[in-house]
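Asker: Below are the chains, spelled out letter by letter.
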Amino acid sequence: MAFLDSSTAVIDAILTRKGRELLARNDGSFQITKFAFGDDEINYQLYDATKSTDQDADILNLPVLEPISNENVALLYRLITLPRGSLKIANLQISPTSGTVGYGTNLTINVSTDNGEDSQGYAATVRDTDIGVLTNTTSAPDVNGEGVFTIRTGANAGGKAGQTIVDITGINSGARKEFTLTVSASGAAA
Amino acid sequence: MSINNYDLGRDVINTEVLTKTNYEITSATAAQERSLNSFVMEATSTGFLVNAKGTTTSTPLSAAFRNISNYFFSSSAANRIPVAQNNVATTGISRVITIGRTTVDDSILSGSVTGTFSFGTQANKVIIDQPEQSISGAVGRKGDLVEKADTTNIVGTIFYDSGTMVFHGGDYSRDTNFLIDSASGFTFGPGATAGNVAINNISFISLNMLKRSVFFTRAFNQEFNYSNNPTAIANASLGSISSNLTGMPTSFITTIGLYNNSNELVAVAKTAPPVKKNFDTEKVFAVRLQY
Chain A
1 MAFLDSSTAV IDAILTRKGR ELLARNDGSF QITKFAFGDD EINYQLYDAT
51 KSTDQDADIL NLPVLEPISN ENVALLYRLI TLPRGSLKIA NLQISPTSGT
101 VGYGTNLTIN VSTDNGEDSQ GYAATVRDTD IGVLTNTTSA PDVNGEGVFT
151 IRTGANAGGK AGQTIVDITG INSGARKEFT LTVSASGAAA
Chain B
191 MSINNYDLGR DVINTEVLTK TNYEITSATA AQERSLNSFV MEATSTGFLV
241 NAKGTTTSTP LSAAFRNISN YFFSSSAANR IPVAQNNVAT TGISRVITIG
291 RTTVDDSILS GSVTGTFSFG TQANKVIIDQ PEQSISGAVG RKGDLVEKAD
341 TTNIVGTIFY DSGTMVFHGG DYSRDTNFLI DSASGFTFGP GATAGNVAIN
391 NISFISLNML KRSVFFTRAF NQEFNYSNNP TAIANASLGS ISSNLTGMPT
441 SFITTIGLYN NSNELVAVAK TAPPVKKNFD TEKVFAVRLQ Y
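Sequence lines, in order, name chains A and B. Counting from 1, position 48 in the first sequence corresponds to residue 48 in my numbering; the numbering is continuous, with no gaps. Numbers given in my numbering equal positions in the second sequence, counted from 1, plus 190.
Keep in mind that the hints were calculated from the coordinates and are not lab data. Any given hint could turn out to be false.
Listed next, with one range per pair, are the computed distances between beta-carbon atoms [stated by the list, open to error]: (1) B:Thr247 - A:Thr150: 49 to 55 Å; (2) B:Met438 - A:Asn43: 15 to 21 Å; (3) B:Tyr481 - A:Gly158: 37 to 43 Å; (4) B:Thr219 - A:Ile11: 37 to 43 Å; (5) B:Glu223 - A:Thr108: 58 to 64 Å.
Simulated pairs of lysine-lysine, DSBU-like, Cα-Cα distance not exceeding 30 Å [claimed, not checked]: (6) B:Lys243 - B:Lys210; (7) A:Lys34 - B:Lys466; (8) B:Lys473 - B:Lys401; (9) B:Lys466 - A:Lys177; (10) A:Lys51 - B:Lys466; (11) A:Lys177 - A:Lys88; (12) A:Lys177 - A:Lys34; (13) B:Lys473 - A:Lys34; (14) B:Lys401 - A:Lys34; (15) B:Lys473 - A:Lys51; (16) B:Lys338 - B:Lys473; (17) B:Lys401 - B:Lys210; (18) A:Lys88 - A:Lys34; (19) A:Lys51 - A:Lys88; (20) A:Lys88 - B:Lys466; (21) B:Lys473 - A:Lys88; (22) A:Lys51 - A:Lys34; (23) A:Lys177 - B:Lys473.
Listed below are several chain A residues computed to face chain B (Cβ distance under 7 Å; list not exhaustive) [claimed, not checked]: (24) Lys18; (25) Asp40; (26) Asn115.
In this text, a Cβ means the ideal position worked out from N, Cα and C, and glycines have one as well.
The whole structure should be built from the sequences, with the hints applied where relevant.
Answerer: In structure tokens, the structure reads:
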């Protein structure tokens with residue numbers, strides 16, 4: 001007979017920059033109501049099926065980074081709940097798949113979900129807000145399950161040309177897609 | 191599903207954590223290190239305030255007096271404050287100890303202050319604080335500073351939240367007169383000379399209040415066994431799961447994200463080492479957040 005394992009891991013969380021901002025607002029928007037798990041540092045290719053035991057030893061030995069306060073990169077890859085035997089996970093379809101626009105031109109991205117659904121919609125962030133600014137950071141799905149994001153550039157953003165990434169996430173599915181945005185310098189003030 | 195709701199009644203514990211820190215200041219150097227400043231001021235002072243670092247500032251002492259008079263005592267006559275022991279007579283002179291925010295933290299603990307003062311050639315007097323029973327002022331909880339040997343002898347007022355002690359009274363017959371001429375000074379460290387008031391030592395406790403929430407974050411056996419990690423996906427365009435993971439779906443938890451109702455990531459915690467999760471296991475993490 002063995003002892004029952006009653007251990008519960010206690011781990012400390014840090015506030016993200018968004019969390020600090022919402023806490024400072026003191027308007028109730030900070031209240032934590034949901035959670036998600038992530039596995040950002042994991043490389044599943046390290047799983048060694050040729051071993052008879054401990055096939056995942058290399059994965060379990062991976063070092064884990066300390067938490068990052070930038071909410072845009074603190075949790076990239078969410079774990080998901082699917083029925084046992086699933087062979088596919090949700091996959092975001094974005095259109096266009098990348099974009100090059102003139103300085104000051106708006107760009108629209110359409111997003112939908114294959115192999116699943118995102119009934120709560122989609123969330124998006126731009127990594128360099130000097131190059132592009134989203135008019136909406138969340139988008140509810142329309143009757144066809146499609147969300148829409150609009151990005152402003154040029155003087156309507158931070159006034160910078162160049163390339164940046166837009167991260168789009170399905171709120172339910174956790175599926176992610178990166179959209180590469182290029183804003184040409186043409187038309188920018190010298 | 192990649193984001194779950196907490197059952198706020200079952201999964202979340204909210205508490206307040208109170209940290210107390212004891213301080214005892216026995217010298218001018220210690221006072222400087224802890225950002226304690228002492229000065230004497232008159233409504234008619236022509237000098238300037240010297241800060242805790244010993245540097246003369248551009249703030250006139252008369253302006254400091256008006257500030258104390260208006261802010262702490264709501265005095266309409268800016269050049270007078272009530273005398274501590276009777277609150278009828280007024281005075282144009284007082285002595286002050288201010289404690290910097292880095293030492294005060296959130297507040298001075300009421301009932302924790304003890305100071306020993308020298309009055310010229312007289313025997314030392316011990317002063318303590320007596321907090322008011324209910325908060326009546328607009329500047330937070332305050333209390334009387336009284337002589338320990340005779341607590342009816344009120345010599346001043348302490349404002350706990352700002353860490354300010356104003357000495358604006360004292361019974362002459364008990365040699366606790368803080369209203370003597372400003373030229374006699376008000377300094378830290380023993381060794382008062384005739385006509386001087388010295389703070390031999392002063393001790394107090396500061397309070398730091400933190401909110402602590404613990405979120406019991408559960409991954410039941412049927413949950414969170416698949417991953418959006420690109421290394422777990424065989425074909426990104428199709429979303430097909432790597433064949434290694436289809437037989438016995440397994441995930442490895444390294445990160446726990448806490449979200450608000452708008453799905454904004456407000457806090458994040460990490461596990462080390464990665465925690466293995468599959469259909470045969472359940473995991474519970476107590477995620478602690480202090481702010």
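Asker: Could you work out which of the previously given hints the structure breaks and list their numbers from low to high?
Answerer: 3, 16 and 22
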